[in-house]
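Trainee: Sequence:
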Amino acid sequence: MDAVRRCCGGLDVHQETVVACVLNGPLENKPQCVIRTFGTTTRELMELQDWLQEQGCKEVVMESTGVYWKPVWNILEGTCELVLVNARSVKSRSGKKTDKKDAERLAEMHRCGLIEPSMVPEQNIRDLRDLTRYRTKLVQAATSEKNRIHKILQDANIKLTTYMSDLFGVSGRALLQKIMAGEVLEEAELRSLVKTQLKKKVPQLLDALNGKLRRHHREMISEHWEHLMYLEEKIGRLEEKIEWRIGAYEEMIEQIDSIPGIERTSAITILAEMGPHVAEMFPTDAQFASWAGVSPGNNESAGKRKKTKALQGNKHLKRALCQAGWANYRSNNRIGRFFRRIRKRRGEQKASVATGHLMARILHAMMREKTLYKEIDVPLGEGTSEQRKLESYLTYIRQMGYKVSLQPVSE
1 MDAVRRCCGG LDVHQETVVA CVLNGPLENK PQCVIRTFGT TTRELMELQD
51 WLQEQGCKEV VMESTGVYWK PVWNILEGTC ELVLVNARSV KSRSGKKTDK
101 KDAERLAEMH RCGLIEPSMV PEQNIRDLRD LTRYRTKLVQ AATSEKNRIH
151 KILQDANIKL TTYMSDLFGV SGRALLQKIM AGEVLEEAEL RSLVKTQLKK
201 KVPQLLDALN GKLRRHHREM ISEHWEHLMY LEEKIGRLEE KIEWRIGAYE
251 EMIEQIDSIP GIERTSAITI LAEMGPHVAE MFPTDAQFAS WAGVSPGNNE
301 SAGKRKKTKA LQGNKHLKRA LCQAGWANYR SNNRIGRFFR RIRKRRGEQK
351 ASVATGHLMA RILHAMMREK TLYKEIDVPL GEGTSEQRKL ESYLTYIRQM
401 GYKVSLQPVS E
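Take 1 as the starting number for the sequence shown in full-length UniProt numbering and just add one per residue.
Source of the hints: derived by calculation from the structure; they are not laboratory data. Note that the coordinates shown come from a computational prediction; the quantities given were computed from them, not determined experimentally. Beta carbons are placed, not taken as given, at the ideal position from N, Cα and C, and that holds for glycine. Please note that the accuracy of each hint is not assured.
[Unchecked claim] Label-pair restraints from in silico Cβ distances:
| hint | residue 1 | residue 2 | range |
| --- | --- | --- | --- |
| 1 | 215 | 263 | 39 to 47 angstroms |
| 2 | 311 | 407 | 23 to 31 angstroms |
| 3 | 226 | 326 | 43 to 51 angstroms |
| 4 | 113 | 311 | 50 to 58 angstroms |
| 5 | 369 | 4 | 53 to 61 angstroms |
| 6 | 386 | 219 | 54 to 62 angstroms |
| 7 | 218 | 136 | 26 to 34 angstroms |
| 8 | 314 | 227 | 25 to 33 angstroms |
| 9 | 263 | 219 | 23 to 31 angstroms |
| 10 | 372 | 4 | 37 to 45 angstroms |
[To be verified] Distance condition first, Cα-Cα at most 27 angstroms in a straight line; then the derived DSS-like pairs of lysine-lysine:
| hint | residue 1 | residue 2 |
| --- | --- | --- |
| 11 | 200 | 178 |
| 12 | 195 | 178 |
| 13 | 212 | 200 |
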C-alpha cells in the first residue's frame, strides 16, 4: 500500500508502559523501524517526548485506551501532531497481538493514511466536559436517593404521591421534614405547610399521611435525606464552577439554547461534548450525527437491508439529544411533529433516536451558519386524522395504478 508520510510513530498505551514505534524512510521504500518501551510516570513520558524529537517524529498516533491515553496526550501535546484513534477500528487479528506489533501496526496504518482520527477538543472544553459529566453522575445519584425515599413511604403506606406530583417540591419537602420528626399533623398545620393548589387537597393529604410509619422508616428516610442534601449542595457548587468556565462560550450556548426542548443545562452539556468547532471537525451533518451515535447502522447485503442497531457514538451527547427530542413530543413545532409521526409508525425508542438525529443535523447547521434556531413550517401529517387517513388510502390506490375521484355522499 502506498505511503503518505515519511516519518510517523505509533504508541501502544497501557497503565504502566508505553510501547513506541517510529517508522522513518522514503515513501517508495520500506521504512526503518525503531521500537522502544517507556514507563508512564511524568519523568518517563518526558523521556518519550525527547526520544520522539531525536527520531524526528512529528506525527504520532495512539489508541484511546481507557483513561491511560490522557497523561501521554497531555505531555506530548504541543510538541508533535497527535492523533487519537478508536481501538475498535484498528483491532488486530487474534493470535497476532503483542505490544510491539500493536505499536508497529498503528504506525504502519498512520504512514499509509488509514487512520480515522477521533475528536479531541481543546483543554478548556475537556475540563468543562469533566465537570458536566460529573454533574450528570451526581444528578443520577440524587434521583436514586429520591426513589429510595419514595419506596420507604410506600412501604409505610404513606400515599402522598397519589395527590402530589412532586414530592420534592416546596410543599413535599416541608411534609417530609415533619414525617422524619415523627410529628402528627392536624388540618390547620397541614394547610399552612402546603402551597398553591395543594391547599384544596388537604383532606386527601391527611388521609394519605395516615399510614404505618415506624421508627425504622423515619431513620431510613433521614439517612437518604441527609445524603440527598449533600448531593444537592455538591451539584450547586459544581454548577458555579461550570458557569465560571463558560464565559467565553456564552454566545454559542445561547445558540444551542434556542432549539426547542434544550434548556441551559443541556446546552452546556452539548457544548462540552461537541466542542466549539463542530463545522471544522465534521464537514457534514451526517458525519456529526454519526459521531453523536444517532445515525442508523448499515447492514445491507444482496440489495436487502436488514435490521441493525444505531451506531455507537458519544453516549453523553446522544443522551442529551434524545432527551431534548422527548421534551418536544407534545410541542407544535417541526421537531414535535416529526417525533409523533415516527412514534406512530416505529415506536417510541426509534422515534427518540430519529428525533435526536434531526436535532443533531439542526445543531450542525446552526453552528456552521452561526445563527439561532428558526422554526420552519414543514407539513408533517397536518390536518385531522380523517384527512390523513384519506390521503394515505388515495396514495396507496395511486401506487397500484388506479385513478380515483372523490364525491361526498349527499345527505
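Trainee: Would you pick out the hints that fail for this structure and give their numbers low to high?
Mentor: 2, 3, 4, 5, 9
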